[in-house]
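One-letter residues, chain by chain:
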Amino acid sequence: MAILCDKNTKVLVQGMGRMGQFHAKISIEYGTQIVGGVHPGKGGQEIEGIPIFDSVVDAVEATGAQASVIFVPPPGAADAILEAADAGLDLTVCITEGIPTLDMLRAKQALAGSKTRLVGPNCPGLVTPEQCRIGIMPAQITQPGPVGVVSRSGTLTYEAVDQLSRLGIGQSTCIGIGGDPIIGTSFLDALELFEADPETKAVVMIGEIGGSAEETAAEFIGAHMKKPVAAFIAGQNAPPGKRMGHAGAIIAGGKGKASDKIAALKAAGVFVSPSPAEIGETLANNVPSLQG
Amino acid sequence: MNIHEYQAKELLREFGVPVPEGAVAMTPAEAEEAARDLPKGGVVVKAQIHAGGRGKGGGVKLAQSASETKQIASEILGMNLKTHQTGPEGKRVRKVYVEAASEIEHEYYLAVLLDRAEEKLAIIASTEGGMDIEEVAAKTPEKIITVTVPTPDTLPDYVVRRVGYGLGFDTDQVKKLGGVLAGLYRLFVECDASLAEINPLVMTPLGDLLALDAKLNFDDNALYRHPAVSAMRDPDEEDPRERAANEIDLAYVGLDGDIGCMVNGAGLAMATLDMIQYCGGSPANFLDAGGGADKEKVKEAFKLILNDENVRAILVNIFGGIVRCDLIAEGVVAAAQEMGVEVPLVVRLQGTNAIAGRKILTESGLDITSAETLEEAGEKAVAAARGGKA
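Chains as they are written, first to last, in this note's numbering: chain A, 10 to 301; chain B, 3 to 392.
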């Protein structure tokens, strides 16, 4: 079953610029049902064999899409999220990096009460191995299996997935939730989905400094999760007050520290990897049934 | 992005928040002239650097006359000001703010910021103004009032009342606070601030509120729609390496170790620093080359890393998703050949086109140590920086 997307998911690409086209093509090659593109002003055309529409509503009507992936540049990205929700999509995944925080604050509040789930922004998207790729992940490093992977970072997700695959442990779904201060789907949301998914037997969670989403996730894990969770927190040696690449990765006023997050996770029974190189091993050693 | 106090006060004035009269000066003569234009009374001369704690460091002084203002300005301008926020190296003072001294009955703290956990804007206030708010939060959290704002585009009256009565104000004072808060809040939202802080907000003996010091930070992602705010950027206040990185669209943070790092992706870049420290080494920088990393960017990144004279080894760690490892490898070879990299180079390529990339490195004939896993990369880089063969 996996979470959020599978081989039956019909996906639109909002923003058919260079990035949008490039990744649409890779997703199609991977077997994803990319059924249309949305690019105002280019409706009626066809790009890379994909029919283009002027609006999301038109595209949904014509294709029956349930999901979209957004490659719209920052000034228009929040608008694209709202348009996806207005068209009644179940899922919209925003890849765009650099959206103003206040735009996201307004968009997130507007999404409350709608049926649309947002993943991202500033995220690599999600992959359900051998079924569906929404976003920009290198799906070739994934393999189908029992582990759900959720992460705030892109390339560190690849690192963890690669470690799992090398140990012969496949993944149910890999989801990057994004590195911004305001995101649609939190660790907690993703953990809830993995806990409820019968195909997922264990979860790898990769957090980083800044905010308190990992602490909130730890509370949920301690109180509600039966499936084992392994974790790593990046930025254990980051200097306070500096933004480490991601807009959300900043230790402010003594809050958001890696050590606090690690302590909270350990207290919730999570297996915390001491180094970024041992994420896969940490899970495999503690849950031997996953291998083989 | 941070701005200076004098710029913050210009903006506050523009948004109707009362601030004392004052002017910025680059020379002692300008400071003297600015003091003459102020109403009679004391004058405060304040060093303008992007750091708090200026008073304790000797960067804020009181003068009684224009000539004394000149004298004090000549002492402060050019000084190397050290505060708890500047680090031990301190910051050179290039400007002073000359301001009319205010009479103070009480000092408060007032700020607008994003409450990340609640995903709402929040007003933070305290009766313990003029102090480091983080210290107040740690020692006497009950003295901090936090009220979240339901939707970002309106500041409801009840929020003002909760803050005002929480500070112990009477109804008249709450009204005055309403004026200050309305301006501060509008500034935050209209200029896409990430922090708008008045500390201290003072109550004068006549019962007026005045913003005595202010700190404004702005959302870098929104600067494109605020040219006037962008123009307030002061390159002298930024780490020259970070500034250079910014110009070529790389995320760079200078650190004080000896292993230069070039990584794609912020999360993996942070994890690479963690890996180096886990292996007993010390990173010289955080550098995220981003998703669009190509040959040219790699060369620019190398320049940046090599400008740091502490660097004794370089670790390149790439997990290709969007980024193609063969292009990175070409960049590494070109950079090493053109710049004559003299420190040991450890390169780990994984993901998209990694095999082609490794082949390019091997065939270049350069002395590059290759690593396959993250752990191996960390160990080899640490060994190389220590002078041993990687």
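In short, the hints are calculated from the structure, not lab data.
Nothing here was measured: the structure is a model prediction, and the numbers come from that model.
Heads up, the beta-carbon is just placed ideally off N, CA and C, and yes, glycines get one too.
Misleading hints may appear alongside valid ones.
Quick look at which bits of chain A chain B covers, simulated, 3 or more residues with Cβ under 8 Å [to be verified]:
hint : segment
1    : 57–71
2    : 108–118
3    : 133–143
4    : 155–167
Status of the hints after comparison with the structure:
| no. | hint | verdict |
| --- | --- | --- |
| 1 | 57–71 | violated (count 0) |
| 2 | 108–118 | holds (count 9) |
| 3 | 133–143 | violated (count 1) |
| 4 | 155–167 | holds (count 8) |
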